[in-house]
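Number of protein chains: 4
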Amino acid sequence: MIKVGFVGIGRMGSAIASRVLGGGHELLVYNRTPEKTAELAAAGASVAPSIAEACSGREVVMTMVADDGALRAVVLDEGGLRDSLPPGAIHVVMGTHGVATVRELAAAHAQAGQVLVAAPVLGRPDVAAAGKLGVVAAGPPDAVEFCRPLFDAIGRRTFDAGPVAEGATAIKLANNFLLGCAIEVMGEAYSLARAYHVEPAVLYDVMVDGLFAAPAYNVYGKIIAEEDYDNVGFTTTLGLKDANLILGAADLARVPLPSANAWKDRLLGAIAHGDGEKDWAAVALEQARASGLEP
Amino acid sequence: MIKVGFVGIGRMGSAIASRVLGGGHELLVYNRTPEKTAELAAAGASVAPSIAEACSGREVVMTMVADDGALRAVVLDEGGLRDSLPPGAIHVVMGTHGVATVRELAAAHAQAGQVLVAAPVLGRPDVAAAGKLGVVAAGPPDAVEFCRPLFDAIGRRTFDAGPVAEGATAIKLANNFLLGCAIEVMGEAYSLARAYHVEPAVLYDVMVDGLFAAPAYNVYGKIIAEEDYDNVGFTTTLGLKDANLILGAADLARVPLPSANAWKDRLLGAIAHGDGEKDWAAVALEQARASGLEP
Amino acid sequence: MIKVGFVGIGRMGSAIASRVLGGGHELLVYNRTPEKTAELAAAGASVAPSIAEACSGREVVMTMVADDGALRAVVLDEGGLRDSLPPGAIHVVMGTHGVATVRELAAAHAQAGQVLVAAPVLGRPDVAAAGKLGVVAAGPPDAVEFCRPLFDAIGRRTFDAGPVAEGATAIKLANNFLLGCAIEVMGEAYSLARAYHVEPAVLYDVMVDGLFAAPAYNVYGKIIAEEDYDNVGFTTTLGLKDANLILGAADLARVPLPSANAWKDRLLGAIAHGDGEKDWAAVALEQARASGLEP
Amino acid sequence: MIKVGFVGIGRMGSAIASRVLGGGHELLVYNRTPEKTAELAAAGASVAPSIAEACSGREVVMTMVADDGALRAVVLDEGGLRDSLPPGAIHVVMGTHGVATVRELAAAHAQAGQVLVAAPVLGRPDVAAAGKLGVVAAGPPDAVEFCRPLFDAIGRRTFDAGPVAEGATAIKLANNFLLGCAIEVMGEAYSLARAYHVEPAVLYDVMVDGLFAAPAYNVYGKIIAEEDYDNVGFTTTLGLKDANLILGAADLARVPLPSANAWKDRLLGAIAHGDGEKDWAAVALEQARASGLEP
Numbered sequence: 006m007i008k009v010g011f012v013g014i015g016r017m018g019s020a021i022a023s024r025v026l027g028g029g030h031e032l033l034v035y036n037r038t039p040e041k042t043a044e045l046a047a048a049g050a051s052v053a054p055s056i057a058e059a060c061s062g063r064e065v066v067m068t069m070v071a072d073d074g075a076l077r078a079v080v081l082d083e084g085g086l087r088d089s090l091p092p093g094a095i096h097v098v099m100g101t102h103g104v105a106t107v108r109e110l111a112a113a114h115a116q117a118g119q120v121l122v123a124a125p126v127l128g129r130p131d132v133a134a135a136g137k138l139g140v141v142a143a144g145p146p147d148a149v150e151f152c153r154p155l156f157d158a159i160g161r162r163t164f165d166a167g168p169v170a171e172g173a174t175a176i177k178l179a180n181n182f183l184l185g186c187a188i189e190v191m192g193e194a195y196s197l198a199r200a201y202h203v204e205p206a207v208l209y210d211v212m213v214d215g216l217f218a219a220p221a222y223n224v225y226g227k228i229i230a231e232e233d234y235d236n237v238g239f240t241t242t243l244g245l246k247d248a249n250l251i252l253g254a255a256d257l258a259r260v261p262l263p264s265a266n267a268w269k270d271r272l273l274g275a276i277a278h279g280d281g282e283k284d285w286a287a288v289a290l291e292q293a294r295a296s297g298l299e300p
Numbered sequence: 006m007i008k009v010g011f012v013g014i015g016r017m018g019s020a021i022a023s024r025v026l027g028g029g030h031e032l033l034v035y036n037r038t039p040e041k042t043a044e045l046a047a048a049g050a051s052v053a054p055s056i057a058e059a060c061s062g063r064e065v066v067m068t069m070v071a072d073d074g075a076l077r078a079v080v081l082d083e084g085g086l087r088d089s090l091p092p093g094a095i096h097v098v099m100g101t102h103g104v105a106t107v108r109e110l111a112a113a114h115a116q117a118g119q120v121l122v123a124a125p126v127l128g129r130p131d132v133a134a135a136g137k138l139g140v141v142a143a144g145p146p147d148a149v150e151f152c153r154p155l156f157d158a159i160g161r162r163t164f165d166a167g168p169v170a171e172g173a174t175a176i177k178l179a180n181n182f183l184l185g186c187a188i189e190v191m192g193e194a195y196s197l198a199r200a201y202h203v204e205p206a207v208l209y210d211v212m213v214d215g216l217f218a219a220p221a222y223n224v225y226g227k228i229i230a231e232e233d234y235d236n237v238g239f240t241t242t243l244g245l246k247d248a249n250l251i252l253g254a255a256d257l258a259r260v261p262l263p264s265a266n267a268w269k270d271r272l273l274g275a276i277a278h279g280d281g282e283k284d285w286a287a288v289a290l291e292q293a294r295a296s297g298l299e300p
Numbered sequence: 006m007i008k009v010g011f012v013g014i015g016r017m018g019s020a021i022a023s024r025v026l027g028g029g030h031e032l033l034v035y036n037r038t039p040e041k042t043a044e045l046a047a048a049g050a051s052v053a054p055s056i057a058e059a060c061s062g063r064e065v066v067m068t069m070v071a072d073d074g075a076l077r078a079v080v081l082d083e084g085g086l087r088d089s090l091p092p093g094a095i096h097v098v099m100g101t102h103g104v105a106t107v108r109e110l111a112a113a114h115a116q117a118g119q120v121l122v123a124a125p126v127l128g129r130p131d132v133a134a135a136g137k138l139g140v141v142a143a144g145p146p147d148a149v150e151f152c153r154p155l156f157d158a159i160g161r162r163t164f165d166a167g168p169v170a171e172g173a174t175a176i177k178l179a180n181n182f183l184l185g186c187a188i189e190v191m192g193e194a195y196s197l198a199r200a201y202h203v204e205p206a207v208l209y210d211v212m213v214d215g216l217f218a219a220p221a222y223n224v225y226g227k228i229i230a231e232e233d234y235d236n237v238g239f240t241t242t243l244g245l246k247d248a249n250l251i252l253g254a255a256d257l258a259r260v261p262l263p264s265a266n267a268w269k270d271r272l273l274g275a276i277a278h279g280d281g282e283k284d285w286a287a288v289a290l291e292q293a294r295a296s297g298l299e300p
Numbered sequence: 006m007i008k009v010g011f012v013g014i015g016r017m018g019s020a021i022a023s024r025v026l027g028g029g030h031e032l033l034v035y036n037r038t039p040e041k042t043a044e045l046a047a048a049g050a051s052v053a054p055s056i057a058e059a060c061s062g063r064e065v066v067m068t069m070v071a072d073d074g075a076l077r078a079v080v081l082d083e084g085g086l087r088d089s090l091p092p093g094a095i096h097v098v099m100g101t102h103g104v105a106t107v108r109e110l111a112a113a114h115a116q117a118g119q120v121l122v123a124a125p126v127l128g129r130p131d132v133a134a135a136g137k138l139g140v141v142a143a144g145p146p147d148a149v150e151f152c153r154p155l156f157d158a159i160g161r162r163t164f165d166a167g168p169v170a171e172g173a174t175a176i177k178l179a180n181n182f183l184l185g186c187a188i189e190v191m192g193e194a195y196s197l198a199r200a201y202h203v204e205p206a207v208l209y210d211v212m213v214d215g216l217f218a219a220p221a222y223n224v225y226g227k228i229i230a231e232e233d234y235d236n237v238g239f240t241t242t243l244g245l246k247d248a249n250l251i252l253g254a255a256d257l258a259r260v261p262l263p264s265a266n267a268w269k270d271r272l273l274g275a276i277a278h279g280d281g282e283k284d285w286a287a288v289a290l291e292q293a294r295a296s297g298l299e300p
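The listed protein sequences derive, respectively, from chains A, B, C and D.
Numbering of the first sequence is given in my numbering, commencing with residue 6 and proceeding in unit increments.
Numbering of the second sequence is given in my numbering, commencing with residue 6 and proceeding in unit increments.
Numbering of the third sequence is given in my numbering, commencing with residue 6 and proceeding in unit increments.
Numbering of the fourth sequence is given in my numbering, commencing with residue 6 and proceeding in unit increments.
With the rest of the complex left out, here is chain A (with noise of 0.2 Å):
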């Protein structure tokens, strides 16, 4: 049993935190608007009225906060994390943050004798509720080794992206980025289908039934010959808020991504057209806008 603080419930984060009582771990939540963690409560969580108070005693506080902004915010403002984790405790980073985020806040735990250990996870909220997630986990290994029993409550898989947080974090945005990639690039083959005439549901049924039967081609491939990207899963917005995570990370590292150049490119685009809070497969309605195929 660990003594667990989590810090920020909202979808997915109260289906992890869910995941992480169920485990039988002993949790303390904390949430700006308190009347979120309610059901949590009833589950059998304390709830703590500040971060500082949810970071009392805990071996481990979880963070899953929607932007880099609200991360630091968490970590760094008088009163966070840094400022009222015990010594030797744990800050396991569990959003989509990006490497120059993460690598500051590792250095601020570091410098206050805490440890991050980033945890970044794959799936959406229903895959969390059912305890489905895989876990990239990264950081010193017995940081990240104490926390297993929370990552096994959490996910089917943990996969051990290496003893530096950051580490994680870059496997995580290069596989939104294969995401946002694949998504662009189905977009583009699905305009010279329809330029030549083909129905889309062809270019479909080739695509699932041989090579690229994954879920990534499932979805999206069906998104995009429907034009159903009314349908929102992911909003472009949020999808430009990631290709820029993942152009940050690669700026950092110094390594040049021109797919992603291209992915973002048809992102803007797709804003600047008004679909920013369409579905993401949006770029594959502004790759057909950029050949003269709209509607």
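Careful, some of the hints might be misleading.
Identical chains blur together in the list; that is why a pair holds if it fits in one copy or across any two.
[As the list claims (entries may be wrong)] Simulated crosslink set (DSBU-like; lysine-lysine; CA at most 35 Å straight-line):
1) K41 x K137
2) K227 x K41
3) K227 x K8
4) K246 x K8
5) K41 x K8
6) K8 x K137
7) K227 x K137
8) K137 x K246
9) K227 x K246
10) K246 x K41
FYI, nobody ran anything at the bench for these hints, they're computed from the structure.
Bear in mind that the values here come from a model prediction, so they are computed numbers and not experimental data.
Given chain A, work out where chains B, C and D should sit, using these hints.
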């Protein structure tokens, strides 16, 4: 039983022709270097001494030749298919060709009272030998229908790409484009992981365990993770040929394909650095070079 | 005085041939549509009824034809330059052609005991008429030297691009590439300015007042600032032809040109949106469209 | 005579402040390392011991600092310009900064009853010392008008970029973008020429003799032709900083800039290969590397 001629008995042609013969059709084969027809002859095919005679009395002549130049010669040269196919006979083009060439040859056949059906295949020679190819067929519906028993003999599934032959070409090229760019994006993603000192195997595991559990990622993700570029399935130089067919099709239809450009530039760089005869996954090696991650 | 033949009396060919004649050389001209030769005939040129006769007794035959297809026909067709040029005579190719074509034709002439010199020109017909063209010449040094009086008659300056004919082609294409991409980058820069609600004229003034005080920026910066795309100097469709010659040359030499790709994609998009016959500065209009800044 | 404060007395700041003083204005200067102010003090400027005192009784405070981080600190830190500028006073931002930063600081000043004018300059320190800079000015018209005598003292010409401060930022970034991409395209063009074995000097002559007879091409075309990358005017690493400011501005305004991407990727590659402190024309060296043309 269909009276079939077959021109182009290389590794792929031989496997396909063998399936046609096994399907109970009457087969007359021609190859520029006649030795390659011996096995089919032993299995019951007749061997024609010229393309013209391979067309004699045929309802369908199938071609599987290396490139657009060879195909144009087979059709348009004196004594070629245009001169020799009986009126109403069908030329089934099975190779991977450019849209402009297919368009030109379809018009030439139409003028000569013949029919062109494009039926490029999905899969390598071993898949062909097992009768498990995918066939993407397009052309005048009657003609496609007439050929269906042949497609059934050859493959496990036929995808109907519409009434215009070049539609099948577009789908085949779109599929190759998806594959080439998937490899390119993997190459970029692996460079990102390596730049952050994460073992390539971690990214591989994440990919194929989740969103990318598909042959394209299994096969090429492994080659790249293991830097096994000397184990050649398809060369970089042939990859460039494909990329140019794809970009040619896009050009003709006025479809910008930015991801194809990124991929093509890595193919060019790989060849410029002497990797033309390596496996076309060597775009990942070129990406590593561009990122200062050379071995 | 050199005995000169000239094939291809369009606007450009006519202006150049006129300078040759004015330089005191003996001129024999041929054009597919003979009417266009009348003016030159009146000025003292002889008119040949066929390409073969335009080669008769010539030391040099110059060609200025529209594209690679036309040039190959003029040289390789029966009765063309290869068949008809006297041994040792020089074919001066003045049009803008592809490297592969120039290479092929140089070999064909060499085999026939003739010499090909590539001498593409810099400037438009009015510049040609004034004898102020730049000439980029390459080929066997003796042959280039022999032609120098002709180049002096035609232009204000000859640039020596080395002993291999295709070197001049490469330089001419590189210059067109610089121009095309300068226009593309201007288009992008103007979109950035417009997105921040700054008058295009401000960017124009900054450019041509400082680092970019050159004809390319003066001319095209003005067209874009004033959105004067219907005042056509060179069409978008011809721009795409040039872009493909450039990318073809790059492909053959294994040189990735990422900026050319960006430019080509905007040309394609412009044509896809119906701007093929507008001035090729319409890439800036297409860029505006891609940025959601359409009028 | 205007009462002017000046923060940031580096090479550029010093040259500009000197012109202000020479224009007859009352000058109070501050620099973090006070030694750099000695020369201005000798010429008649007063030296302030803090930013706060450099704002005391000033009508205008000009800043010329290295980057966005420094500018934000100068304005927003305790005792910074926001705290210290008198009501109605004007902060003239002369450095090259990001749009987001200028926007944020303009809002901060407005809230404090002060005014921000963006007035980035065109030209290097020697040009500044000669009073020949270009000044691109934007902000509330009254404020810009009030500053005009200062701009006249500093530069030979002021470009009016409208009533919103960030408009001047956009124009300055657009100009840098044009330059960076011109260098990138030259790099690509030189690689093409070299791949065809033509002397770089030939391309240089063609460029600057004709369409590209402008400082940008004269200066950088020469550096690239002579591979003189160790003669550093502006480093590759600073070039990347600029590219990221440009792409950041484009991102914020939803403008895809494909040419900027191509340029940025070459900057990254150059830095990855150890050329970060070479002249930023080293993108041409990186392009040569990508083309297999390394020395």
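Now for the hints, and whether the structure bears them out:
In this assembly of identical chains, K41 and K137 lie within 35 Å of each other by CA distance solely inside one copy; the values are 22 Å within and 54 Å between copies. When the C-alpha separation of K227 and K41 is checked against a cutoff of 35 Å, the pair qualifies only within one copy, where the shortest distance is 34 Å, while the shortest distance between copies is 43 Å. With identical chains, the CA atoms of K227 and K8 are never at most 35 Å apart, being 44 Å at best within one copy and 40 Å at best between copies. Only within a single protomer do K246 and K8 lie at most 35 Å apart by alpha-carbon distance; the minimum there is 33 Å, versus 44 Å between protomers.
In this assembly of identical chains, K41 and K8 lie within 35 Å of each other by CA distance solely inside one copy; the values are 21 Å within and 56 Å between copies. For the identical chains of this complex, K8 and K137 are intra-copy neighbours only, at 22 Å inside a copy versus 56 Å across copies, given an alpha-carbon limit of 35 Å. Proximity of K227 to K137 under the C-alpha cut-off of 35 Å is found in both arrangements, the shortest distances being 24 Å within a copy and 24 Å between copies. Taking identical chains as interchangeable, the C-alpha atoms of K137 and K246 lie at most 35 Å apart only when both belong to the same chain, with a minimum of 25 Å there against 41 Å between chains.
For the identical chains of this complex, K227 and K246 are neighbours both inside a copy (24 Å) and across copies (30 Å), given an alpha-carbon limit of 35 Å. Taking the shortest alpha-carbon separations for K246 and K41, only the intra-copy value of 25 Å comes in at or below 35 Å, while the best inter-copy value is 42 Å.
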